[in-house]
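Q: Chains as they are written, first to last, in our numbering: chain B, 1 to 275; chain X, 1001 to 1275.
Simulated from the structure, these hints should not be mistaken for laboratory data.
Partial chain X-side listing against chain B, Cβ under 7 Å, derived:
| # | residue |
| --- | --- |
| 1 | VAL1099 |
| 2 | GLN1100 |
| 3 | VAL1101 |
| 4 | VAL1129 |
| 5 | ASN1133 |
| 6 | ILE1134 |
| 7 | ARG1155 |
Think of the CB as a built atom: it goes at the ideal place given N, C-alpha and C, for glycine as much as any other residue.
Protein chains: 2
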Amino acid sequence: MTELFTTIDALRARLEDAGRVAFVPTMGALHDGHLALVHRAIQVADTVVVSIFVNPLQFGEGEDFGRYPRDLDADRAVLPSGVIVFAPEVTELYPDGDVQVRLSAGAIGDTFEGKTRPGHFDGMLTVVVKLLNIVTPHVVVFGQKDAQQVFLVRRMIQDLNLPVAIDVAPTVREPDGLALSSRNRYLSEPERSTALALSAALSAATDASATRESAVTAAKAALAAEPTADVDYFDLVDPATFLPVPDDFAGEATAIVAARVGTTRLIDNAPVILG
Amino acid sequence: MTELFTTIDALRARLEDAGRVAFVPTMGALHDGHLALVHRAIQVADTVVVSIFVNPLQFGEGEDFGRYPRDLDADRAVLPSGVIVFAPEVTELYPDGDVQVRLSAGAIGDTFEGKTRPGHFDGMLTVVVKLLNIVTPHVVVFGQKDAQQVFLVRRMIQDLNLPVAIDVAPTVREPDGLALSSRNRYLSEPERSTALALSAALSAATDASATRESAVTAAKAALAAEPTADVDYFDLVDPATFLPVPDDFAGEATAIVAARVGTTRLIDNAPVILG
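Hey, can you work out the whole structure from these sequences and the hints?
A: Set out below in structure tokens:
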């Protein structure tokens, strides 16, 4: 059984003298990718807190805030016994409906995911810092699946001197390569097949990775083979800066891809060695 | 004697098991207003930390970052024995020279002080949250002298669920009414006399405070009596919102004033009961 808390005060009281705390922030609709984060958390802490909160601040107009899957009972049922679940109402975190003071993600927050989703990363960082201030964990665990999110959370921890360590877990995939995502639930059977174009593009980039140009060419060919996947971007970025790598870059880059499949927007990423 | 720390790691190590910590963030050039904050801090905590850091992020182009008074030895000499001083170099807090992820003060951050000093409050909140994350105090002490700063720090604590209490100390004044400020050091003898227009305007507003209109009229007359004071703004704001109060407002408002005297920009504020 998990313990459930819905208010900040009750959770804070529970966490007094809770020893070393590891925290896994989620939006619920938990899958094996989330559970991998929770198991990492269990290994490094006395107490594990999983938040389940669909954060309105990080959804834009016309995005899927309304239809995002919410099933707290199902989520609690798949979590290991002993985990503390924090599932506040929106009014608990935003008593005024919004915040005046918020986080600003800076220039990288306007690229890639942020270009298609204006304000997304400001809203994401704002809720993450709120949750970190409520839980005050020793370590926070994120999934590499959301590479730009992970980059910006790392920057935030560093830039704002947040007293927390970050642990990043590798992406969990289906046997055929599809990265686990709560949004996979939106996919019809043919869409799920189309969605394989993302991981196929990353594999093609990895296999062809002599140079930036050869990796990009191979990935774009793989994406072109699934014309119903509406590609938003494919690029290779420097993990240290999240800026596109130059043509002569040598070392580990991160290949990132985003595409719309039907009405569902999917993202994925993988390391690619160049040079 | 004070204890001096210049690095984050050394300060954090010193503050382990330091009991209840109270924190007074300053830019140095300490005067009796700062010392009043420190004495409040001593009363409520086992350990008192005073930071002395002239934060480049909150100064704009053409402002007084370069000439702002810096004298660490003099500052340490006036602090009570036992106080921990944290005086980092700029590179300790901004190893990259700046931050990518920062605080955004929102709409109120663009009014009054923020209108004249674009970005000032984003930079101020950013360094305050950094210092709070480094010191992790139980209580942070600010002076009411900087009313808009206090308003925004309160909002930040509330909006971001920062685990810290805030204590605000009343403004300390010279016998003739001039609010203590590190920037008073810039004033020549005649300028110091002119500077009394600010506190005179606040007194006039208090004395005439039947309505917003009568308070504003009285204050503007007092300011007009010192034509060499270059008034930036005088207004009455609601302490709950920092928005100008309506004409029929009843209750406690905050009268706020800013003026340039010579090359020195001064601010002051006082409570005014209306209605």
